[in-house]
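Given the coordinates of chain A, work out where chain B should sit on it, guided by the hints.
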Amino acid sequence: MFESALAVSVAGAALAVFLGGAGSAIGVGLAGQAGAGVISEKPELFGKVLLIQALPGTQGIYGFLGGLLILIQIGLLGGEAIDISMSTAWQLFYAALPVGVTCLISGIHQGKVAAAGLHAVAKDQANVGKAVIMSAMVETYAVLGLLITILLLFSIKIV
Amino acid sequence: MAVLAMDKIQILGLKKDLQQVLAFLQEGGLVQIDEVRSDQDGEADLNLETLAKKDHDNDYIVAQLDFAIKLLKDHAPKRPIWAGKPSLSFESAMGTIQSFNYEGIIKECQSLEESFVADQNEITALQTEIKLLSTWKQLPFDLHIPRETETTRIHIGSIPKGEYDSLKAELAKMSDLTSVQKVAEDETSIFAVFVVSKKHADEAKLLFGQYKFQEVELPIHEMSVTERLEKIATRLAELAETMEKHDEKFKSLAKSFENLQIVHDVFVWQQDETRIHEKLKGTDFSFVVEGWMAKLDRKKLEEGLKEIAVTAVENIKAEEGEEAPIYLHNKRSVWPFESVTRLYGFPTASEVDPTPFLAIFFIVFFGLCLTDAGYGLSLFVIMFALLKFFKLPEESKGLIKLLMIGGLVTIVAGFFFGGYFGLTAEQAPAFMLAADGVSFKGQLINAAAGTGPLTFLILALGLGIIHVLFGKVVDGYWKIKQKQYLDAALDSFLWIYYILALLGFGLAASGTLIPAEYAGIMKWCVLGGTAAMVLTQGRKQKGFFAKAGIGVLSLYGLVGYMGDILSYSRIMALGLGTGIIAFAMNTIAGLAYEMIPYVGFIFAGLVLVFGHVMNLVLSALGAFIHSARLQFVEFFSKFMEGGGTEFKPFKRNCKYIIIQ
Chain A
1 MFESALAVSV AGAALAVFLG GAGSAIGVGL AGQAGAGVIS EKPELFGKVL
51 LIQALPGTQG IYGFLGGLLI LIQIGLLGGE AIDISMSTAW QLFYAALPVG
101 VTCLISGIHQ GKVAAAGLHA VAKDQANVGK AVIMSAMVET YAVLGLLITI
151 LLLFSIKIV
Chain B
1 MAVLAMDKIQ ILGLKKDLQQ VLAFLQEGGL VQIDEVRSDQ DGEADLNLET
51 LAKKDHDNDY IVAQLDFAIK LLKDHAPKRP IWAGKPSLSF ESAMGTIQSF
101 NYEGIIKECQ SLEESFVADQ NEITALQTEI KLLSTWKQLP FDLHIPRETE
151 TTRIHIGSIP KGEYDSLKAE LAKMSDLTSV QKVAEDETSI FAVFVVSKKH
201 ADEAKLLFGQ YKFQEVELPI HEMSVTERLE KIATRLAELA ETMEKHDEKF
251 KSLAKSFENL QIVHDVFVWQ QDETRIHEKL KGTDFSFVVE GWMAKLDRKK
301 LEEGLKEIAV TAVENIKAEE GEEAPIYLHN KRSVWPFESV TRLYGFPTAS
351 EVDPTPFLAI FFIVFFGLCL TDAGYGLSLF VIMFALLKFF KLPEESKGLI
401 KLLMIGGLVT IVAGFFFGGY FGLTAEQAPA FMLAADGVSF KGQLINAAAG
451 TGPLTFLILA LGLGIIHVLF GKVVDGYWKI KQKQYLDAAL DSFLWIYYIL
501 ALLGFGLAAS GTLIPAEYAG IMKWCVLGGT AAMVLTQGRK QKGFFAKAGI
551 GVLSLYGLVG YMGDILSYSR IMALGLGTGI IAFAMNTIAG LAYEMIPYVG
601 FIFAGLVLVF GHVMNLVLSA LGAFIHSARL QFVEFFSKFM EGGGTEFKPF
651 KRNCKYIIIQ
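Line by line, the protein sequences give chains A and B. No gaps in the numbering here: position 143 of the first sequence is 143 in our numbering, and each next residue is one more. No gaps in the numbering here: position 194 of the second sequence is 194 in our numbering, and each next residue is one more.
Keep in mind that the hints were calculated from the coordinates and are not lab data. Fair warning: there could be bad hints in the mix.
Stated by the list, open to error - Pairwise CB distance ranges (calculated): (1) Gly37(A) / Glu91(B): 43 to 49 Å; (2) Ala81(A) / Asp74(B): 54 to 60 Å; (3) Gly75(A) / Ser87(B): 57 to 63 Å; (4) Asp202(B) / Gly37(A): 48 to 54 Å; (5) Gly37(A) / Asp74(B): 21 to 27 Å; (6) Asp66(B) / Gly37(A): 21 to 27 Å; (7) Ile360(B) / Gly75(A): 39 to 45 Å; (8) Pro393(B) / Gly37(A): 27 to 33 Å; (9) Ile360(B) / Ser4(A): 49 to 55 Å.
Think of the CB as a built atom: it goes at the ideal place given N, C-alpha and C, for glycine as much as any other residue.
Okay, chain B solo, but in the shape it has when bound:
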């Protein structure tokens, strides 16, 4: 029902039993194992040595399994999304690791990947070569002839069309010992072979540069270009076949995909177990485990340990400044709301768990931010179906359940506000309407007309006042529990009194709710409150002026409360927004139906479906975020700061599978 009380404990035992003890701890997940301190409370050093293991075999196998799983991921048979992760018993997982030849599969994966990559590279290289050679099909000599002799050099390349003739003329002018042969041409360039005497090599180089000649390097083969192209084609056909075989191989290996995942997780447990040794210490024959656990699990731990080995479990003192890790535990009805608390972070060990206090407010605000029974029903049905037909991991169930409850509350809110997919009373079927014909059955507030918006706003602000004051009540309750009676009275309840007195005075002075004749009494209540505030709020300061100064300054805190309460007006804005956008979608769909001949109903249907789905998603997201924000910023700040670290017990962590 709150933040569980934690003990720091020490488990002592014989080294021969260490294996079983760790296995038990990992199975139970009851203890968060921390590093053993070498020196305890100033006692003599016990000469404890670290028990860290040197072998890294598990790390290596996990890395290999990760590789194989990544490689086969795209080839594995797809699991339907509602099936979730494979779930099996611990025994069958351990059975898989015995019977399944994972080492063989990993080796096959490695060699397959090697040849697959090599073949793929060859295909890319050959395709590049085809691109290069296809322009040179008419090359008048085989590819392997030497590119230079003792006296000449061959230049193969392309040149812009306009420059070809001039370059040819210039080369002829330069020397008689020059040959130019055109091989091919396309729209912009001419492809040609130039043979130049080595004597004029430098001069020729200059000319080539000047006329934008681009030399190409053709591959060397003992055949003509055409023959080479034919050969490449044959080789590519072969490779295509090999690739198909690779693909089959991938598919057949991927049949073991699920087994690989199981083995992976089992090895991760072993890896965790090996690593946890680094935190342990011991002598030649004994071991020490230190860590945190919940008080109420103590019996379970001791009884479990008794069955497997002779051990001693002792309470030890936490180190100075060491905070107990936070283990939240709530009733089933409140449990889904832990996901809201987790979003903010954990309270510290000395603070109260806000989950049970925020639950009702969170869900009411969420419902009011949507205020549409149609959307509420949709949300409820979707989340219900998710829970019923999809196998979800335990961690995400909380959020889904939360949204499901949110859907229910939204239905109620929608009922009172007359929100049904944004329909107006004129558009709605007659059976939904009340006797007057302009409002829905059960509708209390019409948020979009007359004084409706103002009523909604007052409702939102009223809820804000209750929420903020309730935050102060929680603060006082917790302080009393901590036996800080004076702080509870002066920091919590005095504020509550003061805010209520101010409110009462405001209401009485304006004659709303409270008759005006009470204004005089209320005024004295306020003045008394003010005096009490000024006199007490500075009590922790030293010296008269500091006490008085802080006392007067504390009145400024009222501005903060006012800001907090005004912040709840967002509930009204979001609630109205949802309805108006839904109404807009209906209007646009109506326009489409009227204005587009014949097929108007199709467009109208599309607009309705997409429009309402989009509005539901965005509004629900907004409702969640803003409702959460009201908890975090306006509510939590009254009684907690947070900053606790989560309790992370040593357990079987699963990535791919679920252990029943």
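Next up, chain A with everything else stripped away, as it sits in the complex:
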């Protein structure tokens, strides 16, 4: 795989999607378990529980976004791939790392905070707003990872 420039850049795209998706899957899963517990006692809170459960889901989208941008940059979407140099391919690969790694880790931890927030909501549903904001604090770092990935992908010259 290290001989083909295309393969290296695709590996970058794959990594971004995979790490972000994995972080979100774990995070949403953790929050979902806590949410199911809340629902069993108070089914009327379903809407609020779903909202909080969905919060760690953004990392998957950020990862997807990073992967997609790489695919667009190398012209893989809907057409012939551009013939890129090995050095460009590795640049794209590294550019995928910020979003991938931050999303993996923040997704998991945001899931934990969301699960804890759900316990707070189970006690008093007025806590929804606060639980949402606390969970969003963790997401900051995924957003920053995404930011750098986007900036890198826009500024890397495709040659």
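Just chain B, lined up with the frame of chain A:
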């Protein structure tokens, strides 16, 4: 326009008027009633006694009404979702409680529930019995024959197919006085009746265990299995009919559902009124009510009370350490933003209400996090329709209005950034494009190409600087209002000056915006600021070293400001994200259209609709959350801590209905 000034008051009156006074207070919702202190300001104890009522009739009726409403909920005619809760006048609610026989309905509900549950249990029991008996249709005797005689015992049960013959042989070997009769069989087991002499009971038990015989207990009836099954079938048919009748009964009772809800809320008011007595005190002929109210409602209260009874309203001192409850009151234009403040919690009585200050920033950040005119328009139309065609409770209107304004701002942001459902200039129809053909009409920044992302980032950080400094300005303004002039100058405005000087120096040194020849002056501004900081920030410490130490350490606060300002880069990331996901949805839909023969347009349409709806929902949620976070963490921390308790007046609380 802010946190309302509150008074702690005491209402004194005659006990005979208490009923009317409480009714008036509950109707007006002007006063938060707190517990009356027995001893006031060291004065002699007035021998006040609690006025708590002993009767719990209302609690009982509310519980019964809750039960009836829960029981009938699934049978009640569905109200269309746009209709909201039933709304009626106070008089007609009180009329309902007079004319509507709620006690009769509750009794009917109770007896219906009882027989419904009993019948349902019987049905379950009979169905279990059918399952059990259906394998034993060929049982050679009636169900009621005794399971044992003086000398023998009957064992009815099943045994794995492979074991049957061996068990039969073993039993025959054990004693001649053994009978085995096969009744039925299925793929794995044989069902049989074993008659064994009691003399060999223990031995037989061992054998049964060894060959995995499983005994069943058949019900006892004076008939054969087939007859019993027929009888069950008849009974089940009867029960099915009864259940249908129950269902009709549920439906006919559910016609009173709305009336039950009205009566429920009326009784909750009475329950609240009874409970509030626990907080009151009085003598044999008088009563005392204590609580908090807004200063500006005072006249309304006194005039209202004058009409119904002879009372006295007095200001009293708050207890030491007691904080006034927080009553936020804002202009109509700013009011929707209270929902953002409420999310964080209330400021304390000595702090400023942040709502009017955060409004403009919140909505601009929200718009920039979306930056798509198409999404803005969709959001605006949806929220407008919700407000126009749905009857919403007053509390949720604020949030809806907020999102509606957010939609408008997003349209503007989308216009400047050229965002229209993620379309690129090549995909867009010609009339939307500017003369150059590569950008949209009115587009100032193309966030996805060239220097666009950097411009967007600088814009976001610039807004961050303004927001953070504005937080400091609010801090200074409030301190001046509190007459803390020195703190305002040194803790608020000195910081603003210092940050601006540093910024100016940075800009001048790099020659952007400010010509490089000013760098020298700026340097002296910074040095002067630094000296002022070191000299003043430790002024509240005792001793020279502590003052100097804290003064130098305060410079470290700059790191915090830098972190705060960098945090605004999220606006750019979210804004770009929305556009790129929208673009991705369009691309995927385009691929589906090209690659799937004949029906490609269907898939493309589905992808477009679901993709854009999902993106709109998630992006709007993200925009709201992150815009709110920028207020709470970066902005509020400059001038408030929060932690006030909400003003909760004694009023008519409604769960199911709305009183006009």
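Can you tell me whether the CB distance of Pro393(B) to Gly37(A) sits inside 27 to 33 Å? Holds: the Cβ-Cβ distance is about 29 Å, inside 27 to 33 Å.
Do the Cβ positions of Asp66(B) and Gly37(A) conform to the proposed distance bound of 21 to 27 Å?
holds, 24 Å
Practice item. Indicate whether the distance between the beta carbons of Asp202(B) and Gly37(A) respects the range 48 to 54 Å. Key: holds, 51 Å
Quick check on a hinted range of 39 to 45 Å for Ile360(B) and Gly75(A), using CB atoms only. holds, 42 Å
- Task: Take a look at whether the Cβ-Cβ distance between Ala81(A) and Asp74(B) falls inside 54 to 60 Å.
- Result: holds, 58 Å
Original post:
Taking 57 to 63 Å as the hint, is the beta-carbon distance of Gly75(A) and Ser87(B) inside that range?
Top reply: Holds, since Gly75(A) and Ser87(B) (Cβ atoms, about 60 Å apart) stay within the stated range.
Return holds or violated for the Cβ distance of Gly37(A) and Glu91(B) against the range 43 to 49 Å.
At 45 Å between Cβs, range holds.
- prompt: Honestly, do Ile360(B) and Ser4(A) meet the 49 to 55 Å range at C-beta?
  reply: holds, 52 Å
Consistency of beta-carbon spacing, Asp74(B) to Gly37(A), with hint 21 to 27 Å
holds, 24 Å
In summary, this structure violates none of the numbered hints.
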